[in-house]
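J.: For reference, the chains in residue letters:
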Amino acid sequence: MSFVDFLSLGPLITLSAAGVATMLMVAAWRNHRIIYSCTLIAFIMAMMAVIPAIKYIPHTYPPLLVIDEFSLFNTGLILVAGFIILLLSFNYFEEREERKEEYYILLILATIGALVLVVSRHFMALFLGLEILSISLYGLIAYLRARERSDEAGIKYLMLAALSSAFLLFGMALVYAFTGHMDFPGIGAALRQAGYLPVSVMAGFGLMLIGVGFKLGIVPFHMWAPDIYEGAPLPVAAFIATISKGAILVLLIRFYQDIHGNDYPMLWWMVAIIAVASMFAGNWLALTQQNIKRILAYSSIAHMGYILVAFLSGVQTGLEALAFYLVAYFITSIGAFGVVIVMSSSLQDAETIADYKGLFWRYPWVATVFTAMLLSLAGIPLTAGFIGKFYVVMAGVNGHQWFLLFMLVINSVIGLYYYIRLVAVMFAVPANGEQTTVVPALPIAGNITLVILTILLIGLGVYPTAMMQLIQQMMRILV
Amino acid sequence: MFPALIPLIPFVSALLLMLGWKRLSRIAVTVIGCGSIGLSAFVAVLIAIQFAAGGEQAIVQHAGNWVEAGGFKTGFDLRMDALSVVFVGVITIVGFLIHVYASGYMHEEPDYARFFACMNLFVGAMLTLVMADNLLLLYFGWEGVGLCSYLLIGFWYKDPANNYAARKAFIVTRVGDTAMAIALFMLFQFTGTLRIPEILQSSTHIWSKGDPVITWIALLLLGGAVGKSAQLPLQTWLPDAMAGPTPVSALIHAATMVTAGVYLIARTHTLFELAPDAQITTAVIGAITLVLAGFSALVQTDIKRVLAYSTVSQIGYMFLALGCGAWSAAVFHFVTHAFFKALLFMAAGAVIVALHHEQDLFKMGGLKKQLKGIYWVFLVGCASLAAIPFVTAGFYSKDQIIWLSLSAAGGHTAFWLAALLGALLTGMYTFRLFFLVFYGDLKTHVHHRPGNSMMIPLYILALLSTIAGFIELPHTLGHVTLFSNWLLPVLPAVSVLHDSVAMEWTSQALSAVLALSGIGVAYAWVVWRPKGMSDFLEMPALLWLRGFWSRGWDFDKLYNILLVYPFVYLSRMNKKDLIDKLYTSLAALMQWCHNVLARTQSGLLRWYILGVVLGAVAILSVLIWRIYI
Amino acid sequence: MILLVLILILFFAALLSWIVGVKSHAGSRWIALCSLLLNLGIVTGVWVNHPAGTGRWWYQYRVDWVPHFGISLHLAMDGLSMLMLALTFFLGALSVLISWKEINSRVGFFHFNLLFVLCGITGVFLTMDLFLFYFFWEMMLIPMYFLIGIWGHEHREYAANKFFLFTQAGGLLMLLAILGLYFVHAANTNVYTFDYFDLLNTPMDPAMARWLMLGFLVAFLVKLPAVPFHTWLPDAHTEAPTAGSVVLAGLLLKTGAYGILRFVLPLFPAAAADIAPVAMLLGVIGILYGGMLAYAQTDFKRLIAYTSVSHMGFVLLGAFAFNEIAYQGVVMQMITHGISTGALFIIAGALYERIHTRNIRQMGGLWLRLPMMGSAAMIFVMASLGLPGLGNFVAEFLVLLGSWQANHLLTVLATIGLVVATAYSLRIMQKVFFGPCDRQYNMPDLSGRELVIIIALVIVICWLGFHPQPVLNTSQQNIDYVVR
Amino acid sequence: MIGPAFYIAAAIAVLATIMVITRYNIMHALLYLVVSLLAVAVVLYLYGAPFMAALEVIVYAGAIMVLLIFFVMMLNLGKESAEQEKLWLKPRIWIFPSLLCIILLGELVFLVLQNHQPAAEVKIVDPRAVGMALFGPYILAVELAGMLLMAGIVGAYHLGRQKEKTLHRFLENNEL
Amino acid sequence: MNVHPTTAGMLLAGVLFVLGLISILVRRDIIFMLLSVEVMLNAAGLAFVVASSHWGTADGQVMFIFILAMAAAEVSVGLALILQLYHQLKTLDSDEAAKMNG
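Protein sequence lines, in the order shown, are assigned to chains L, S, Z, Y and A.
Position one of the first sequence corresponds to residue 1 (the numbering used here), numbered consecutively onward.
Position one of the second sequence corresponds to residue 1001 (the numbering used here), numbered consecutively onward.
Position one of the third sequence corresponds to residue 2001 (the numbering used here), numbered consecutively onward.
Position one of the fourth sequence corresponds to residue 3001 (the numbering used here), numbered consecutively onward.
Position one of the fifth sequence corresponds to residue 4001 (the numbering used here), numbered consecutively onward.
Read the hints as simulated data drawn from the structure, not as lab findings.
Certain hints may be false.
As the list claims (entries may be wrong) - Below, in silico cross-link-like pairs of lysine-lysine (DSSO-like), each with a Cα-Cα straight-line distance of 27 Å or less:
(1) LYS2101(Z) <-> LYS2023(Z)
(2) LYS357(L) <-> LYS2023(Z)
(3) LYS4099(A) <-> LYS3090(Y)
(4) LYS4099(A) <-> LYS3086(Y)
Okay, chain L solo, but in the shape it has when bound (with noise of 0.2 Å):
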């Protein structure tokens, strides 16, 4: 390994060194404080790390991993991400587990298995990063023993992802078998060859996306979602709506660039289906439920099929706009979960709608923060959601995706009748004498967090320019 390799690998360096120090140190002296911190600096170490690798982008580590603006882009996007989910952590768990220090490792280790997701080309990283995020999340999902619930998500969570795993592997062994190469660009390159996509590849194709599907939890593949959200700890729910999708997103993108999946319209056309059916499916199934962590499932599934619409134009527009939807998404729904956060109380979580009736009249930032969270969702003017979904409304219209727009205008139709819903609880006038029965912890790291979020929010939405053109850099260079 070179000087430049370590350079450009620096993120993932640090942290994975920081992963095998906190467990050294749990194995020596257990004190949540102090792992605490220690995780906080590894992620603002690993932050900048990033820095450096700046000057050395476009860099390739054959045949594993490639590092470049989007890559690098995305990197610093998971770190921050992972690191905004951190600082929302240490209360929920100061006050729910009496081991909590193994939660740190495990996070970190999540998040290499993510940045090893988004700097991979070939198919040995994509597997291994996968794994390392699923394995960490089984982990992390059923951490909280004292759940009743947390098990069963994790159960769940780990038959369905070693089953989505063998069916990623045996597309990817299709694919290797009928192609001869597991780097993405050699991929590509075979079939430019070929001159066709042979049918065994589809199918390898096609079982793949059954892998990538149920980490982004799109229809058919999406049942897992709502219970795992309601099961797991409300930051590693974070972290799934978050982290593990965005990072598969990234390598899906990057995966369908290289093997130039536009010239291939089967490709396009099973992607289209789920796309549609993921909206409808997230939408409904939203529509009336009283499970605040469901709904945000729910929301997420839709909101994967709104992006694969940018996903679907097929023009540059598509690819910007999906990434900026991803900022917006990450900052919204890391927001909505923080809320969740600081509502809960050491003895619940604040998971049913009824917690929130009238929140406005008793904690009125909090709603506040809350509200421009779903109105985000919603897509609603002065936040970055609506960025985010003009923005893909203008790649689909750019790549004349007219059927997608038009099912992605219904669905933001249906989509909004629950968002609103809940805006609308909280603002409902509570009757006399009612009494709620989570007495929300509100912690201030907590609460600081969600100011930042918010400030970020409504500043992408009010002036968007300097991240488009972070964005358009970006992408420039990955077409």
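Guided by the hints, dock chains S, Z, Y and A onto chain L, whose structure is given.
T.: Frame of chain L, contents of chains S, Z, Y and A only:
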């Protein structure tokens, strides 16, 4: 002198009364209410004199712009010409008399100020109507009088029946107004203006005689006119409008507003001359209305409804005249009718007040002795209405119409016969009313005798009802044509086809005989052999016929079945808005989808795995399908 | 710059009144009132001494916002915008006044929302950038949603949701159309911009133009609202608090009409002309259907709401008649409908405060106790049925006069709508103020504050009825461009 | 190369796997699985991957299966669970999923058979080449695999640790 | 009969894969499900080795090793989880683990 002052004074006074409804004393209200009309009348007379002396075609005052948009331009332009002078004069003078009468009649009314505010508003609007130089301003007055009519019919708002009557009046006339509005659109489309003189001037260049466009325009204008003037087929509102206070009936529903249609047609006579079909339609409508309303008047039991039907019938005469091209005859009948019908209404009102708000004819009777003054003025009114030869104004005006309906260029024997039949009916119902009220046994106690404020206007009107006829005498009787000469600059003289003195004599004699025989029949019916007559009238067939006539030939029923019930039924049916169902069922569909999908989220791991497998099968199937099939 | 100030004043006043409202209700009210009056003053000032000879656009202001997409903060004011703004601030100030006693809970937040809606509406009327337009278009929904959802009547949430979903659905279609236009323009000229002036005269093929136009049109038809997209309106109007109903009926509906005049017709003249008969037909259906529904209602506010459907049908009819007279009528109708319907809602609200019902079956004979209110109601009912001398007559007459040139049959049907209007309008008076009074009410007639509101409205409606020329002249310049 | 050895091994593998999925008793199933894995190891060998065959035997059949067997024995799942399993495995339950899976198999087979690559002999990749690849270009992947195992260990460590209270109840109920 | 070796190997892997799939679908016992996943993973590994032999590259075999590692980690975490679940539910019936739904 500004013509604008004439309508402005009543408007201002109405505004004053509205704003000061709480603070003004009764006397102040009376002074403002009656005084303003008096002042207006005075100004009108001055301007009329000025106009007569000036010898101009018309005095036009531009009192400001109103609407100017994209080539459409109208202003508040008021016009005094021969025709307006006649109408303004009648409106202000009769209006003033009625106001004075009303100050006595409404003496005990708590909402005294509101009453006068509305009345003055009405006079203002009516004056605007007849003085308007453009059709939009005319329309303004037209709708304004409609509003006031509505307000005054429903003046005693606590009784729902009054409100229904008011609403009916407004809506039915609005139907006519709508037609008129369309006529306005058409006129603007073809002439590019709504100024009446310009329209009249250019119309002859634009359209040839009988052009379908002008026929349509004329018919639509006629539609407006029949609405306002309660002619067939929109006559049904007027009898119900009697729910208002009697001075209102006198002013609005007898003397002035209901003749607005006559004014409109007279004003736009050039258009009607260009559209012979429309003109014939006018005459036919007039003829039929006057007969039908005459029959209805014959069997009414409510004193005011008799008069109302008689009004409809008399306006039918005017329409007949208009339709025959006898413009000035129509206007002349308007003048005399205004006098004697106002007189009759007010006298009837006095009777009603005297009998403690009793309106049923069959509960009256024998009042001759009790109400001497009223008896005499009533007699004058009735005589004039029934057109007793030589001494009454009604004779001269109506006789002219009867004769011209035969002899004028647009005349026809059928019209003439209808007019004669009308004359007979008029005599019958008028004197049936008269005899029923004043002869026979006293049935209701008289509790209140009208005071001077009520009686003096009656005397004046009685006088006018008598002498007004002498300004226009037929060939056969002196041949005075003061009135038609006066109108000549505006309304062309009637073109007479059969200028035969002998025939005119015959016609006059016939109508006189018929009127007198009508009176005779009425006398026989009510005074001489009441028993025998009533036995005869109790025959089942006749009984039904009486009911039929009494209900106004069941036009109400017809319209209810054809228009009102379907509309109300449809709107009630659709109260919840059927289209909304579309959206709510859409929402229900979404809910259904949710329910179905929520079932799949069973929480069972195997089920989820099945989902994945299904997905796998689906993906591969799509693949195979796309490639091979 | 002054245009930005108009928006910013409202924006900051909104925030300020929220903050102040925590401590002092009166303070919040006064801040809201003063900011609106200030804006009204500015607009009136502009109206009276706008720079002469600058052509159609009195003021323009432009700053890049997202240059990446060709989005700029482009505000401009012409006669049409000015009139709409004057209406906005006038009705806005009245809305604050009518809420003075009615809203007693969460006053600060109420005024925040109210001012925020008005801020959004101001933006809609001023912006000349399609992205920004959409931005403001959506921005005004949320606070409106709160106004209905928090301070509304019994079924407020249902109504608020319905309102929100309908307008959003329309809005999203418009977004598609905006973006379609953006790319069509870019494809033809290679300039990526959302600027209104650049997008005017974009050459495009007719089929494309039709679809894009439909996207815009549907959004505006929903907002207008035209049958069959109207069903959100009765619910929203009925359930909203009085101020909400006034803003909805008086202003929000106007944004739809404004959109048609500002965007649909100029951007797609040919496509709009193609669809004109259908649009006019929808307008006529709206007139008759709305009137018919209004006649059947027993809820006072719902009845008024359906009259809005009927009246806005005239706007649609006139807008697609393609001649100047009709356009002038449309502009007039937008203003006068705002005034007259707003006034009726205010009366309904005042009645509700007194007798706590909106069911007209339970009313009757109220004239006895409330003669002043009755007279006011009479004036606005007459306005609503199009009595000459009141503003609505001028508007409707011009619309019909204009549309007659375009389509005889539809105009005749629309004119029949006047008869229907008479039926339902008079029904209001009859059921509410006339008839026997079976209950012993003891309630005050209009208070001083209410009197001020009503008199202001009466003066304006009469002024518009007798002397509409200033308004017509102001909109004239704009219309010359539209008609071409 | 595709000779009798392959067919026999493949047949054993498939049959053993069928036995695995039809057994009621988990121990039996596990043992059949070991057989299946051994047969697969033969196939691997035939396909020129002797090192993989060895790993299959050592790691899969040896380590992982033993872990499972040990686990099953720890939980002491005996007759009861076999009975239960019998109850659950009714045709009504398995027929539809099996049909579905067979459709899937059919599709897979169909798609794989569409391959028209020229037939090539099996190439033997000796352990040295594998080692060279593993510690050459794929060294980073090996490190990542280390991370993977670390995640597995930490996860298993955290989750496997028994909660005192639960343990107590568990002991109580099972009367060990 | 000239059987394409790669195809034959792939078919074998496919059959094993689907057998594992059937098992995971019809079984309710969680340990059985875990077992079935292992069968499927093994089948995928086999497919890699077959492919590797077709191209004569080591990549497939390297992948096989990683699959082994992953399977081991999977099983260890899985068993730990199953243990927890067993403590909680007193059964290995996966249908019992369905507290969350809707």
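J.: Which hints, by number, does the structure contradict?
T.: Of the numbered hints given earlier, the structure breaks none, since each of them holds.
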